[in-house]
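Could you slot chain D onto chain B? The hints should help.
Chain by chain, the residues:
2 protein chains.
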Amino acid sequence: MVLDNGFAGQLSEPQSHYLVHVMKCSASDEILCFNGRDGEFLCRIDKVSKKSVEITVLEQIRQMEHVPDIWLMFAPVKKNQTDFIIQKATELGAARIVPVITTYTIAETTKTERFRAQAIEAAEQCRRLEVPEISEAVKLDKLVALWDKNRKLYFMDETGGGQNISTAFAQSGKPAAILTGPEGGFSPEELEMLRSKEFARGVSMGKRILRAETAAAAALACWQALSGDWKL
Amino acid sequence: MVLDNGFAGQLSEPQSHYLVHVMKCSASDEILCFNGRDGEFLCRIDKVSKKSVEITVLEQIRQMEHVPDIWLMFAPVKKNQTDFIIQKATELGAARIVPVITTYTIAETTKTERFRAQAIEAAEQCRRLEVPEISEAVKLDKLVALWDKNRKLYFMDETGGGQNISTAFAQSGKPAAILTGPEGGFSPEELEMLRSKEFARGVSMGKRILRAETAAAAALACWQALSGDWKL
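So the protein lines, in turn, are chains B and D. To get the numbering used here, take the position in the first sequence, counting from 1, and add 1279. To get the numbering used here, take the position in the second sequence, counting from 1, and add 1279.
Isolated chain B, as found in the complex (with noise of 0.2 Å):
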């Protein structure tokens, strides 16, 4: 499990009442954890009480891993396909997810702190030492107009105007980031927008028409294999 707070004596309420009532651990139980910075430890539990637990470090198993320096920027869609989206970016790596508002986004509210409890389990599940940084939702406009341009910012283009995909990723480097458009893909204003900036290359995923949630873990996925760390 994740321990922001380091890993030795008494955990806070909400930890302590996940491992005990979701995990169902008890004293004397193992558990591995990870904090984001140190890499991963096996701990003890050594104390259950009502509403704390208290755990100890017996060993280091493994020393801390980052993963590659990838982000992915997607449009925000349905409440079980943005999960899914989620989920699936922790799971292949994504160093931080950021929600985009473009033009066609059904403008729903985007609940960070959900997203952040999401990416925490996937996390978990996969083993992966580091939570994805969750950023707040920001509109298509103005996530390029702050643009850091010595990262490559590759959207998908659904039009069939783009690079093909393994081209273009075999040809990455890092830092990167993936784009990826809501139901009914980018307006004509926003791809025109996009093709214009020095940094943004469009790229293409074939002629299927993927759903959102598709596209965000194929490029991600895709990604990982051409130019992350997958290809070590």
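Since the hints were derived computationally from the structure, they do not count as laboratory data. All values reported here derive from a predicted model rather than from experimental measurement. One thing to keep in mind: the hints can contain errors.
Copies of the same chain are indistinguishable here, so a pair counts whether it falls within one copy or spans any two.
Straight-line distance between alpha carbons at most 30 Å, and here's what the computed DSBU-like set of lysine-lysine pairs gives [to be verified]:
#: 1; residue 1: 1510; residue 2: 1453
#: 2; residue 1: 1303; residue 2: 1486
#: 3; residue 1: 1330; residue 2: 1510
#: 4; residue 1: 1330; residue 2: 1428
#: 5; residue 1: 1476; residue 2: 1510
#: 6; residue 1: 1476; residue 2: 1303
Coordinates of chain D only, in the frame set by chain B:
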């Protein structure tokens, strides 16, 4: 929609039901139809009665396009995840989908008819012009014993023993098949058996543990990018 029996005249009762009660179509509406052989056609609904719908072909919209000869073979997992695998494999252009029973597969009955219904829906959604073939579930040892040696079999090896996926799939060629395991992966005996086959190759997707459905979608996306029809 899929029309297995041609485009003109009276539709079957389930097809009529789908158009009228699910899609809320009525007389004079125009719909896009495909039959898996001849391409895509614009049709008009001429007549709606209680149990049947009559349509006429107006014009051909697209020539037939086949997906590449890639199969997805996967160990069935929980219901929602398996549904997800069928949907994503269809979107991501698998020609054939094969449920495979492995040692660690949680033995649930697989419902071929249900899978087919989901593949049809996904094909319509992504405007794919044919529905993937859904095979009956088969045991892994039988699948391997009856294997056509001209088809390369890529099995996703979670132990990290495999070739990295970009190298493996860049050299893939067709025909090919991707095999993904259940939660917990393949058994040591299964890995040994697969590694002993000349037509089989172990493939690695990095160190993070991917859920079964993530692995299936990610592997198929990488194959389409590197050897499939995203490369065109």
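30 Å Cα threshold - placement of residue 1428 relative to residue 1330 = Result: close neither inside a copy nor across copies, 48 Å intra and 60 Å inter.
First find the shortest C-alpha distance between residue 1510 and residue 1453 inside one copy, then the shortest across copies, and answer within, between, both or neither for a cut-off of 30 Å.
-> both (13 Å within a copy, 22 Å between copies)
Could you figure out if residue 1330 and residue 1510 sit no more than 30 Å apart (CA to CA) within one copy, between two copies, both or neither?
-> Classified as neither: same-chain Cα gap 45 Å, cross-chain 56 Å, threshold 30 Å.
Is it within, between, both or neither when you check residue 1476 against residue 1303 at 30 Å Cα-Cα?
-> neither (52 Å within a copy, 43 Å between copies)
Tell me, please, which holds for residue 1303 and residue 1486 at an alpha-carbon limit of 30 Å: within, between, both or neither?
-> between (47 Å within a copy, 27 Å between copies)
Under a CA distance limit of 30 Å, which applies to residue 1476 and residue 1510: within one copy, between copies, both, or neither?
-> Intra 29 Å, inter 24 Å, cutoff 30 Å: intra and inter.
Hint compliance for this structure: hints 3, 4 and 6 are broken, all remaining hints hold.
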